[in-house]
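Colleague: This note's numbering puts the sequence shown at residues 124 to 594.
Quick caveat, the hints were computed from the structure, so don't treat them as lab data. Treat each hint with caution, since some may be false.
Cross-link-like lysine-lysine pairs, in silico, BS3-like; alpha carbons within 27 Å at most [stated by the list, open to error]:
{"hint": "1", "residue 1": "K560", "residue 2": "K334"}
{"hint": "2", "residue 1": "K581", "residue 2": "K560"}
{"hint": "3", "residue 1": "K350", "residue 2": "K334"}
{"hint": "4", "residue 1": "K144", "residue 2": "K581"}
{"hint": "5", "residue 1": "K560", "residue 2": "K176"}
{"hint": "6", "residue 1": "K334", "residue 2": "K351"}
{"hint": "7", "residue 1": "K544", "residue 2": "K560"}
{"hint": "8", "residue 1": "K459", "residue 2": "K176"}
{"hint": "9", "residue 1": "K334", "residue 2": "K581"}
{"hint": "10", "residue 1": "K176", "residue 2": "K144"}
{"hint": "11", "residue 1": "K544", "residue 2": "K581"}
Here are the computed distance ranges between Cβ atoms for each label pair [what the hints assert, rightly or not]:
{"hint": "12", "residue 1": "K560", "residue 2": "D462", "range": "15 to 21 Å"}
{"hint": "13", "residue 1": "A257", "residue 2": "S174", "range": "35 to 41 Å"}
{"hint": "14", "residue 1": "E447", "residue 2": "G547", "range": "22 to 28 Å"}
{"hint": "15", "residue 1": "D507", "residue 2": "K351", "range": "58 to 64 Å"}
{"hint": "16", "residue 1": "I304", "residue 2": "L276", "range": "31 to 37 Å"}
{"hint": "17", "residue 1": "E202", "residue 2": "S361", "range": "31 to 37 Å"}
{"hint": "18", "residue 1": "E303", "residue 2": "Q466", "range": "37 to 43 Å"}
{"hint": "19", "residue 1": "T256", "residue 2": "V370", "range": "25 to 31 Å"}
{"hint": "20", "residue 1": "D157", "residue 2": "V481", "range": "44 to 50 Å"}
{"hint": "21", "residue 1": "K334", "residue 2": "D507", "range": "45 to 51 Å"}
{"hint": "22", "residue 1": "L169", "residue 2": "E202", "range": "25 to 31 Å"}
{"hint": "23", "residue 1": "D455", "residue 2": "E303", "range": "54 to 60 Å"}
{"hint": "24", "residue 1": "E303", "residue 2": "G547", "range": "40 to 46 Å"}
Only a predicted model underlies this, so the values are computations on that prediction, with no experimental measurement involved. Glycine included, every Cβ here is placed at the ideal spot set by N, Cα and C.
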Amino acid sequence: MHVCLEEAGWNGDSYSRTGLKMNSTYTRTGTGIDDMERARQPRSRLLEGPSPKNPIGNPPLPGTTSSGGNNYITYMATELNDTLTLAYNFARSAAVVDAGIIPTRLNTTFTFGHQIIHFNDTIGHRPDYAAWTAENAVATIWFGMNDVPRSVLMNDNGSREQRLVASNRRMFELTEILYEIGIRNFVFIEVPPLELLPARQQAKLDPTSQKIEQFVYGKTLWNEELKKNTLLFQQSHSDARVTFIEVWDLFYRAFLHPWSLGARTSTCIDSYGKTCYLRNFANENVCLSGGAEGADVAWGDCAAAAGHGVIHWSFPGHPSPAPENQLIRLDDEQLKASDEALQDAAIALGLSPPQRPVVARLLRRNYYQVAWSQACYAVTFMEDGRQALGGTVWATTMFRQLHPENRELYIFDQSRDVWLKWNGESWDLIDMPPRPKGVWAGIGARNLTQSGYEAIQKLMGCATQDCSYRQ
């Protein structure tokens, strides 16, 4: 969800997120909308909200988007408007409407209900800094891109339709809460034709699989229900302005006429989302690492052997043994996007950001490893079992700060040969983390021990012959 205040606000998933953080952190504890733990940021680390200087508040424009650059929200807030538009964006990656109906991939992911409570707690009471009104606030709601494929992947064929219908209906039950809070302008967006993505086009070549047909059927059902429920919501709320937006034609234009958008072909993929209109997150599982000798390359090798996509963030002049087709070299302008996160990490660590250019670039590159990750796995050495050493501590600190509600942070301590999990305040000993999935960071020390390598290998289910140990 996002709320635009002229002013606006968004609810949704990775198609909508910009990475806005408010001055309270939330941790999901269950599927109910009130199942969250809340913690207030200390005064020394209060964050700026949307303003004329930065209409998405934080992080710096274009935000932490899944596209790698501007998305439709940042364009609306900066260009496609006639008046000042401030975007309060509560969207979170991998979100569904209600995890009690269609489960999320991770049990820490915010749902639509959690996003509404987040909105209500922070600006729902119309504070001085966001004194929205029924006339100048618009709630845009875009869900289904996770609900539909998640439902298709569940193996109880008979209830797929019931789940999608129930989830769609639940979206409007939750929207009723926004109406009661005072929102009177609503925008609902349909699920786009994601079957046009290259990975799904390739899947059509498999005559033994019906996944694409099941997805198209689920998407069609969802959009029909969405259109029907939007009309019913309008009819039962005569004082509200309710809009339904179709986007299928935009996606087909991109697919059939890619050159009109400046892309070479409809199958062109650029992992940074710059030279093509598609970004390489089509693989459901993607390892983000840093291309350095040691843990980075070991994670990448084992991730590739396990069928995951691999992106190694690097920069010109940074030597890397990683395969060239996995490397993305960031220029200094792109690296500057990490400055705020690096400053926050320095404050938390009681350190100063490094001044040496090479070290500064390495730590800025670390930001790209963790900014989009849903989980972070590190193999390194711990100091007294409390804190990672070297660049890894900067990366793990940024992960904790960028994703304060996320507890999917794991370290293999090579000093003791044990796995640890972050509980929000300290590290707990565990037997073994869950195997990485989704978009995740695999990072760690250049000095990778044999036991550290074997920990990566065992976690990924990577056979010795599949990924070589590089000392």
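Colleague: Check the structure against each numbered hint from earlier and tell me which ones fail, lowest number first.
Modeller: 4, 5, 9, 12, 13, 14, 23 and 24
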